[in-house]
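**Student:** If you want the building blocks of each chain, they are given just below.
There are 2 protein chains.
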Amino acid sequence: MKGKVSDNVIRRMPKYLRELKRQEDSGLTRISSTELGRLLGFSPSQIRQDFSSFGEFGVQGYGYNVQSLREQIENILGVNRSYKAILVGCGSIGKSLIHNFCFEEQGISLQAVFDLDTDLIGTKIKGVPVYDALDLQEYLAEHSIDVAVLTVPQSKAKSAAKMLMDCGVHAFWNFTNEEIVPPYSDVLVENVHFSDSLLSLSYYMAERADNQKRTKRIAVGS
Amino acid sequence: MKGKVSDNVIRRMPKYLRELKRQEDSGLTRISSTELGRLLGFSPSQIRQDFSSFGEFGVQGYGYNVQSLREQIENILGVNRSYKAILVGCGSIGKSLIHNFCFEEQGISLQAVFDLDTDLIGTKIKGVPVYDALDLQEYLAEHSIDVAVLTVPQSKAKSAAKMLMDCGVHAFWNFTNEEIVPPYSDVLVENVHFSDSLLSLSYYMAERADNQKRTKRIAVGS
Numbered sequence: 001m002k003g004k005v006s007d008n009v010i011r012r013m014p015k016y017l018r019e020l021k022r023q024e025d026s027g028l029t030r031i032s033s034t035e036l037g038r039l040l041g042f043s044p045s046q047i048r049q050d051f052s053s054f055g056e057f058g059v060q061g062y063g064y065n066v067q068s069l070r071e072q073i074e075n076i077l078g079v080n081r082s083y084k085a086i087l088v089g090c091g092s093i094g095k096s097l098i099h100n101f102c103f104e105e106q107g108i109s110l111q112a113v114f115d116l117d118t119d120l121i122g123t124k125i126k127g128v129p130v131y132d133a134l135d136l137q138e139y140l141a142e143h144s145i146d147v148a149v150l151t152v153p154q155s156k157a158k159s160a161a162k163m164l165m166d167c168g169v170h171a172f173w174n175f176t177n178e179e180i181v182p183p184y185s186d187v188l189v190e191n192v193h194f195s196d197s198l199l200s201l202s203y204y205m206a207e208r209a210d211n212q213k214r215t216k217r218i219a220v221g222s
Numbered sequence: 001m002k003g004k005v006s007d008n009v010i011r012r013m014p015k016y017l018r019e020l021k022r023q024e025d026s027g028l029t030r031i032s033s034t035e036l037g038r039l040l041g042f043s044p045s046q047i048r049q050d051f052s053s054f055g056e057f058g059v060q061g062y063g064y065n066v067q068s069l070r071e072q073i074e075n076i077l078g079v080n081r082s083y084k085a086i087l088v089g090c091g092s093i094g095k096s097l098i099h100n101f102c103f104e105e106q107g108i109s110l111q112a113v114f115d116l117d118t119d120l121i122g123t124k125i126k127g128v129p130v131y132d133a134l135d136l137q138e139y140l141a142e143h144s145i146d147v148a149v150l151t152v153p154q155s156k157a158k159s160a161a162k163m164l165m166d167c168g169v170h171a172f173w174n175f176t177n178e179e180i181v182p183p184y185s186d187v188l189v190e191n192v193h194f195s196d197s198l199l200s201l202s203y204y205m206a207e208r209a210d211n212q213k214r215t216k217r218i219a220v221g222s
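Chains A and B, in that order, are what the protein sequence lines are.
The working numbering numbers the first residue of the first sequence as 1 and each following residue consecutively.
The working numbering numbers the first residue of the second sequence as 1 and each following residue consecutively.
Because the hints were derived from the structure by calculation, they are not lab data.
Treat the hints with care, since some could be wrong.
[To be verified] Okay, derived cross-link-like pairs now, SDA-like style, lysine to any residue, Cα gap no bigger than 20 angstroms in a straight line:
#1 A:Lys126 / A:Ser109
#2 A:Lys84 / B:Met205
#3 A:Lys158 / B:Leu40
#4 B:Lys84 / B:Met205
[To be verified] Here are the computed distance ranges between Cβ atoms for each label pair:
#5 A:Ser109 / B:Leu134: 39 to 45 angstroms
#6 B:Arg30 / A:Pro182: 25 to 31 angstroms
#7 A:Tyr62 / B:Ser109: 49 to 55 angstroms
Cβ coordinates follow ideal geometry from the N, Cα and C atoms, glycine included.
With the sequences and hints as input, model every part of the structure.
**Tutor:** Encoded structure:
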């Protein structure tokens, strides 16, 4: 790899991966940067530049081998590293993730769920056991966990994250709407904020409305 | 505004807004680009450049007025436009959004929820009425809706989106995991893919592991 890759490039890789999987499933074996760009709304040069951050993936003029590119991107993204996860807080968002999100497909094995609800403790959700949150420290002393999916109520987010960090969990996929700032560089936090994507949509809605008004004014004026 | 603003800049604006709200709530009245950058992990020059895409917000050397900057960003993001939304599909992710996501805070008024579940139809969730999905077309003929929150099962995503577009809904906040490609430029779609953020986290976990191994090798070799 050629030095540090920018966060923007990293964040486009999952999009490439999704599209390549889709194309592979539909039977495509080769794809050009032009075609991949058309499908994703990126320029071909952007795509070539992004991939070149990681080495040479295609042969000039021949496009990319879909399967091989998909595998290389999976390697880059660590999909083949079999990370072990726990989910902490089994409320509506936690349940929704367990039921609908395919952890395995992203190379993550969801090992256990923790909650305080006695109706849930001792049950399994989609085959994953739900344990008492009070036993979390004991569990972490015995199991090596790579990443915690944090879905506790917002008011519990900071204390839960601190406890997990103290027990050696150093990566967080955080849905609590409370920004968790890593206390030291070894801790990785991906804060998921639904509002960010809604506000981006809102911006484009506002821009579209303004453009339509402008077009109307030009039409009236002409 | 100075011409078209890049999507990367747009997507940073909600992060600025969140941090500014937090600082305003804690009583701060002025903030420098250095301090805002430190809180968010961006360089001060990045921040000044982002804001300058929309005009002049601060006075050189004096920093930004927190409240005024927050208001200007809200204007840019269309938070003050009182958009009307419906939510289509009241499964676990739909319910989770209604219960936990503060639509009002993002300037969105959630008007109604649609589902086929007869146990839900006729009830209210957090004050929002749940109607029969079979009555959706009729509802849209009578109500002007700016944006649909799409939380139907993945297999229903495309048909639901098409029907909504045919009924005049031209913006989608799509949680179905099925990529909705806008059929014409007037339609705006924000596809939410949880896997994108998890895979970015996975990348950084893999990078960290590789760096730690490298550091160990250097230590052993030295």
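**Student:** Hint by hint, say whether it matches the structure.
**Tutor:** Checked hints:
Between Lys126 of chain A and Ser109 of chain A the alpha-carbon distance is near 13 angstroms, which keeps this suggested pair within the 20 angstroms criterion. Straight-line distance between C-alpha atoms of Lys84 of chain A and Met205 of chain B comes to about 12 angstroms, which keeps the hinted pair within the 20 angstroms bound. Straight-line distance between C-alpha atoms of Lys158 of chain A and Leu40 of chain B comes to about 17 angstroms, which keeps the hinted pair within the 20 angstroms bound. For the hint linking Lys84 of chain B to Met205 of chain B, the alpha-carbon distance of about 40 angstroms lies beyond 20 angstroms, and the restraint is violated.
Range check, Ser109 of chain A to Leu134 of chain B: Cβ separation about 41 angstroms, and the 39 to 45 angstroms hint holds. At about 27 angstroms, the CB distance of Arg30 of chain B to Pro182 of chain A agrees with the hint of 25 to 31 angstroms. One distance hint, 49 to 55 angstroms for the beta-carbon pair Tyr62 of chain A and Ser109 of chain B, holds here, with the actual separation near 52 angstroms.
Consistency with the previously given hints fails for number 4 only.
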